[in-house]
Every structure is written in structure tokens, then in C-alpha cells.
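Just so you know, the sequences run in chain order A and B.
Heads up: the first sequence begins at 1 in this note's numbering, then just goes up one per residue.
Heads up: the second sequence begins at 1 in this note's numbering, then just goes up one per residue.
The hints are simulated quantities; they were obtained by calculation from the structure and are not laboratory data.
We put the CB at the ideal spot given by N, CA and C, even for glycine.
Hints may be right or wrong, so weigh each one.
Restraint ranges, calculated between C-beta atoms of paired labels, are given here [unchecked claim]:
| no. | chain 1 | residue 1 | chain 2 | residue 2 | range |
| --- | --- | --- | --- | --- | --- |
| 1 | B | G88 | A | A294 | 35 to 43 Å |
| 2 | B | T116 | A | R170 | 35 to 43 Å |
| 3 | A | P332 | B | F159 | 50 to 58 Å |
| 4 | A | E208 | B | S129 | 55 to 63 Å |
| 5 | A | I42 | B | T262 | 34 to 42 Å |
| 6 | B | T262 | A | S102 | 32 to 40 Å |
| 7 | A | P332 | B | I86 | 27 to 35 Å |
| 8 | B | S212 | A | L38 | 53 to 61 Å |
| 9 | A | L246 | B | K164 | 54 to 62 Å |
| 10 | B | F159 | A | W189 | 51 to 59 Å |
| 11 | A | L53 | B | E54 | 20 to 28 Å |
| 12 | B | W258 | A | W192 | 46 to 54 Å |
| 13 | B | I86 | A | W192 | 26 to 34 Å |
Per the computed footprint, the stretches of chain A lying under chain B, defined by three or more beta-carbons under 8 Å from a beta-carbon of chain B, are [unchecked claim]:
| no. | segment |
| --- | --- |
| 14 | 114 to 127 |
| 15 | 255 to 269 |
| 16 | 278 to 288 |
| 17 | 294 to 303 |
Examples of chain A residues lying across from chain B (beta carbon under 8 Å, computed) [unchecked claim]:
| no. | residue |
| --- | --- |
| 18 | V24 |
| 19 | S44 |
| 20 | A132 |
| 21 | M143 |
| 22 | L164 |
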Amino acid sequence: MSDSATSSGALPSTARVDRRARVVPVVALLVIAILLPLARPIFSGTYNYALQLLLVTYMWVALASSWNIIGGYVGYISLGNNVFFGIGGYFAGSLLVYYGWSPFLTAPVAGVLGLGLGLLFGLVALRTSGAAFIISTIALLLMTALVFDNWEWVGGANGLSLPLPQFELRWVKVPFYYAMLLTGVGAVWLSWKVAHSRFGLGLRAIAEDEIKAEVAGINTRAYKVMAFALSAIFPAIAGGFWGYSLTYLRGTIFFSIAVAAEMVLMAIIGGRGTVSGPVVGAVLLVAINEFSVARFGSSELNIVVTGLILVAALIFFPTGIVGSLRDRGRLPRFLDWD
Amino acid sequence: MNTLQVAIFGLMLGGVYALMASGLTLLFGVMRIVNLAHGVFILLGAYFAYFAFERMTIDPFVSLIAVVPLMFLLGMAIYRLLFTRIEGSSRFGEMTVLLTFGMALIVEGLLGYFFTGIFRSTSPSYGTSAFIIGDLFIPKGQLYGSIASFGLLILLWVFLTRTKIGTAIRATMQNRTAPQIVGVNVRWVSTISFGIGVAMAGAAGALMSYLSAFFPARHWQWIALLLSLVVLGGLGSLKGAVVAALALSVLSAFVSDWLGPTWSPMTFYLALFLILLVRPQGLFGKAGAA
Numbered sequence: 001m002s003d004s005a006t007s008s009g010a011l012p013s014t015a016r017v018d019r020r021a022r023v024v025p026v027v028a029l030l031v032i033a034i035l036l037p038l039a040r041p042i043f044s045g046t047y048n049y050a051l052q053l054l055l056v057t058y059m060w061v062a063l064a065s066s067w068n069i070i071g072g073y074v075g076y077i078s079l080g081n082n083v084f085f086g087i088g089g090y091f092a093g094s095l096l097v098y099y100g101w102s103p104f105l106t107a108p109v110a111g112v113l114g115l116g117l118g119l120l121f122g123l124v125a126l127r128t129s130g131a132a133f134i135i136s137t138i139a140l141l142l143m144t145a146l147v148f149d150n151w152e153w154v155g156g157a158n159g160l161s162l163p164l165p166q167f168e169l170r171w172v173k174v175p176f177y178y179a180m181l182l183t184g185v186g187a188v189w190l191s192w193k194v195a196h197s198r199f200g201l202g203l204r205a206i207a208e209d210e211i212k213a214e215v216a217g218i219n220t221r222a223y224k225v226m227a228f229a230l231s232a233i234f235p236a237i238a239g240g241f242w243g244y245s246l247t248y249l250r251g252t253i254f255f256s257i258a259v260a261a262e263m264v265l266m267a268i269i270g271g272r273g274t275v276s277g278p279v280v281g282a283v284l285l286v287a288i289n290e291f292s293v294a295r296f297g298s299s300e301l302n303i304v305v306t307g308l309i310l311v312a313a314l315i316f317f318p319t320g321i322v323g324s325l326r327d328r329g330r331l332p333r334f335l336d337w338d
Numbered sequence: 001m002n003t004l005q006v007a008i009f010g011l012m013l014g015g016v017y018a019l020m021a022s023g024l025t026l027l028f029g030v031m032r033i034v035n036l037a038h039g040v041f042i043l044l045g046a047y048f049a050y051f052a053f054e055r056m057t058i059d060p061f062v063s064l065i066a067v068v069p070l071m072f073l074l075g076m077a078i079y080r081l082l083f084t085r086i087e088g089s090s091r092f093g094e095m096t097v098l099l100t101f102g103m104a105l106i107v108e109g110l111l112g113y114f115f116t117g118i119f120r121s122t123s124p125s126y127g128t129s130a131f132i133i134g135d136l137f138i139p140k141g142q143l144y145g146s147i148a149s150f151g152l153l154i155l156l157w158v159f160l161t162r163t164k165i166g167t168a169i170r171a172t173m174q175n176r177t178a179p180q181i182v183g184v185n186v187r188w189v190s191t192i193s194f195g196i197g198v199a200m201a202g203a204a205g206a207l208m209s210y211l212s213a214f215f216p217a218r219h220w221q222w223i224a225l226l227l228s229l230v231v232l233g234g235l236g237s238l239k240g241a242v243v244a245a246l247a248l249s250v251l252s253a254f255v256s257d258w259l260g261p262t263w264s265p266m267t268f269y270l271a272l273f274l275i276l277l278v279r280p281q282g283l284f285g286k287a288g289a290a
């Protein structure tokens, strides 16, 4: 990840070709994603299914890319980032139920809430590192799950039913599609922005060697807390939209450790610590999950598949798809955003 | 409820928690492995005891005779198969977390697939009866469980302090390179330690089989409590784990008495965050060990 960091910037002519080879495919994909909902006739009966599958993909892109800021750049594994996903969902959902405020307006506010809570938790948990930090994130997750399971105002373990969105049924997925697309793009943009800032360099220095980073004058604690807080923003926003699109909230949807597992797995499979890795991982795993549910039905075996992929990836491809391709010099330009 | 009575309930559970936590902290102490799969190893012990009890009416205490050696072998095999592959990794610590996380998902899924999500528990006669001393109520099952747990912990302690391998294990806990100079095979020591840690988890599981109902996803609750205990006691400190287990079990029994049993796990999580604020290395931990 460090050798390519110098490639943007000074070099004139090749850099321009480089940039075109990187930017054009990504812009093309984005344009397709934006125009896709107009192509209703092409999909006919599978229109809503296709949009749903894509919006789920964008959601996971947002979750995995956000996780990557703390888990990839800084190298601090968090198994509790879905807490912010859930809090966003409950925040936007309960404001809808009790005050009638649309999640399309409140979900972005949930992002701010996520940032604040992330700062707060980070200040406590990031007093430790390594194993103790990971453990504190698991404790955060189970603690939050316990609170929401017993909090009557948000329906306790039974959850909360949300009013149905007032859109025409044929187009009901479209607003959610664009909302998630924006969330996913926003999360990747943030991740890219962080990766190419002084701040991001500091984070990577911490990942390499925390003590040396500190000696070099980086306020490691502040950097880590900030990275954790940033990683909480887009999960909270995604949660707000996701709860609304499901029309009900329940603790198990958001606060299950399986959600944390997927976030981590996507980032690792794709290549953690890279900008494009979590995106690749999210697309791949949504596809694998969709295939395995279609093929084997929704059963406990899906967790087994997740676990097996994780173990195999760690042992055989610890740097993930993007990392492994880069090591071999085979990484397509449009995936090279570091 | 009578204060002494609540304390007794807490202490009784504390013994089994101490046994569970001992394996976890041993793995961290010797190999710097944070074993997120410790909960599923406990589950495996519990399911083994359950089927031995249901199919062959074998008492959970008797099934310990089979559970302990089987889990010991399983632990050694897992270490050899998986962990030796990542030994040289520069990010060994977090690799172990992710690897054991994956293992936990695999075992949980398989247990769920084969045995379904039904709540299980063994029901030996002593599981529901009690000794009554004055107005104090001492549940037999929990008492036996604690005695067995402390028995196993004492055995572990004797093994660690009185045998040659035990000394090698303790030496490796202090420093991973120095023992190699005096001829200790650290890989072998690690393999044995992993086996012991998993065997302790299995034994605790067999005891848990009648103390609380279990189902495949139950292990996340266990592991979270245990990890809190282990951090509280100081990662890698056996003494710390035992003290933290007893103290927190008593405390959570009081919380359960005041606020209802739903909130008793909260004690462990809050204690964890409190200790992180005040003393991040834990009660008996050395700064920088984690």
C-alpha cells in the first residue's frame, strides 16, 4: 500500500493516462448505477428484485468501507461497528413512528449522531489497543443489543413497526435505491479522502508501528479516536434508510454479530487498508450470499460459509483480492485508488 | 433477598466462570491468542454432555472423563492445523482474533444445522435440589459445579507449577524467546497449552450443561462475559481471571437481584468499560501486555 501512494501527483504525462484509466470506468459504472432505475422495461418482472439487490450491495459497500477506516487503515479490528448501523436505524425509525419525520431527512442526521457516539466510545475504548480494544468492541455490541432488547420505547425484543412508505408500489424501491447509492458513494468518498490526507498517512503509520508513529509526533490517540468516529458516520446513515425500507426494526437485524462478521469479512476478502478492497469484497459477498441462499435456502449453513471463507481468506490471501493482485502487479487501474 | 444468599448464588456461578476464563487467559498468556472460539468450545463440551446424558444417561460429571481428553486432542489438532500457519505473521494478534472468529461462526453454524436452535440442558437430579442451612439455600448442582471447577483449577495450577512442561509453559508466558535458548520447544509448548485451554473450556461446558440452558448462538454471550473477565483481571493473568470471575459473579448476582436477571450481563460490560477508563491493563495485568 505504501509504494503506490506516491503515484498520484507530480508525474505529468503518464499520470494523466493513469488517471483516465482509473476515472473513466468508475464514472461509467456510476452513470449506469444512476440511470439504472429508468430501465424499468428491460427488467420487467425482476425490476424491484434487481433494485433491492443493488441497494443491499450499496449498503454493504458503505458498511465495509466505513469499517475499513478503523479496521484497515489503522489496523484496529472492531467487531462492534454495526452498533452505529443499528442506532441509526432506531434513531430514524423511532422519529418516524413518534413524530412522523421522514427517515430520508433524519438518516443523514443519524450520521452526525453516529459520529458523536463514535467519538464518545472511541475515547474510552481506544485507551487500549490490540486484543483489549477488540474485546471492548464486542462488549459494546452485546451491551447495546441488551439495551435495545429491553427498551420498551423502541419496542423491546418485539421491535417496532414503521408506517409503510407512501410511494406508488411500482416505484417503491427507487427512493431507497438512490438513498443507498448516495450513502455507498459517500462512504467510499470519505474512505478515499481519508486515505489521501495527512491524517490518513498518520493512520497508516499507526498501523505500521504505533510507537514510531508517536515518536514522529503523531497524536496517535486523537487520530485513532477520530478514525473510529469517522467509521461510525455512514453505517448510521445506512441504518436509517435500511430500517425504513424493511418497515420494521428489530435488534437482531442490526445488532447481530453476524452483521459485524460480514462487514469484517467483506473488507478482508476485498483487501483491507485499500480504498477499493471493501467495495470489491461487498459486491462479491453479496453475490455469494445471494447464490447460496437461492441454492441451499436460508439456513445455518450460511454462517458456516461465512466462517469458512473468513478462515480460508486469512490463511491463503491475508491481503485480500486487491492486495494480492497488487502484489502480483495485476491490479486493474480502475481499482487502484490508494 | 438476603444479602448472604445473593452472595452465595454469585460465588457458586463464579467457580464455573473462573474455569471458563482460565483457559481463555492461558491461551492469551502463552500464545497471545485471543480465542473468540472459546465459547463454541464450551458449547461443544455442553452438547457432548447433553447427548451423553440424553442417550446413555451418563451424568455430566462422568462425561468429564471423556470430554477433557477429547477436547484436549481437538485443541492440539486445531493449533497444529491452523495456528502454525500464521505463526510468522506480523499481525499475529489480530489474525488470531479473526481466525477464531471464523472458527466460532463455522462451529455455531454446524451446531445450528445439525442440532437446531432448540434450548437444551441436562437435568440431573442434583440440578434442581439444594442444601438448606438455616435460612440459606445452597443449590446442589451449582455447589458441585464450583467444587469441580476449583478442583480442575487446582490441578491446572499444580501442573503449571510442579511439572517440567508446566514450568516451560509459564516461562513462555513471561517471554517467548528466552525459553528457546534453554531448549524449550515453544511450538510444542504452545500446542499443549492450546489443548489445555480447549480442554478447560470443554470441561466448563459439561458443567454448564445443567447450570444454564444453551443453544448454538449462546456462545456469544459467554465469550463476551469471559472476555470482559479476562480483560478485567489483566489479559494473560490466571490469578486475575479467577479473582475477576468471582468478584463479578457476585456483583452480577446483586445486580440481578435489584434489577432483574436480564441486566446481570450488563455488570460485566460496564465493569469492562470502567476498568478501561481507570486501568487499561486490568487489575493484575502489566502495562503494554495487550
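Taking the hints in turn, this is what the structure says about them:
1. G88/B to A294/A: 35 to 43 Å: 40 Å, holds
2. T116/B to R170/A: 35 to 43 Å: Distance hint for T116/B, R170/A holds at roughly 40 Å.
3. P332/A to F159/B: 50 to 58 Å: Hint holds: Cβ distance 56 Å, inside 50 to 58 Å.
4. E208/A to S129/B: 55 to 63 Å: Because 60 Å falls inside the window, the suggested range holds.
5. I42/A to T262/B: 34 to 42 Å: With a Cβ separation near 52 Å, I42/A and T262/B fall outside 34 to 42 Å, so the hint is violated.
6. T262/B to S102/A: 32 to 40 Å: Since T262/B and S102/A have Cβ atoms about 33 Å apart, the given range 32 to 40 Å holds.
7. P332/A to I86/B: 27 to 35 Å: This hint holds: roughly 29 Å between Cβ atoms.
8. S212/B to L38/A: 53 to 61 Å: 56 Å, holds
9. L246/A to K164/B: 54 to 62 Å: 60 Å, holds
10. F159/B to W189/A: 51 to 59 Å: Once the Cβ atoms are compared, 56 Å apart, the range 51 to 59 Å for W189/A and F159/B holds.
11. L53/A to E54/B: 20 to 28 Å: 43 Å, violated
12. W258/B to W192/A: 46 to 54 Å: Holds - the Cβ-Cβ distance for W258/B and W192/A, about 50 Å, lies within 46 to 54 Å.
13. I86/B to W192/A: 26 to 34 Å: 30 Å, holds
14. 114 to 127: With 3 residues close enough to chain B, the hint holds.
15. 255 to 269: holds (count 5)
16. 278 to 288: violated (count 0)
17. 294 to 303: holds (count 5)
18. V24: This hint is violated: V24/A lies away from chain B, its Cβ roughly 35 Å from the closest one there, beyond 8 Å.
19. S44: 36 Å, violated
20. A132: 4 Å, holds
21. M143: Given a least distance of 4 Å, the restraint on M143/A holds.
22. L164: Not OK, violated: L164/A not within 8 Å of chain B, min 30 Å.
The structure does not agree with the numbered hints 5, 11, 16, 18, 19 and 22 stated previously, though it agrees with the rest.
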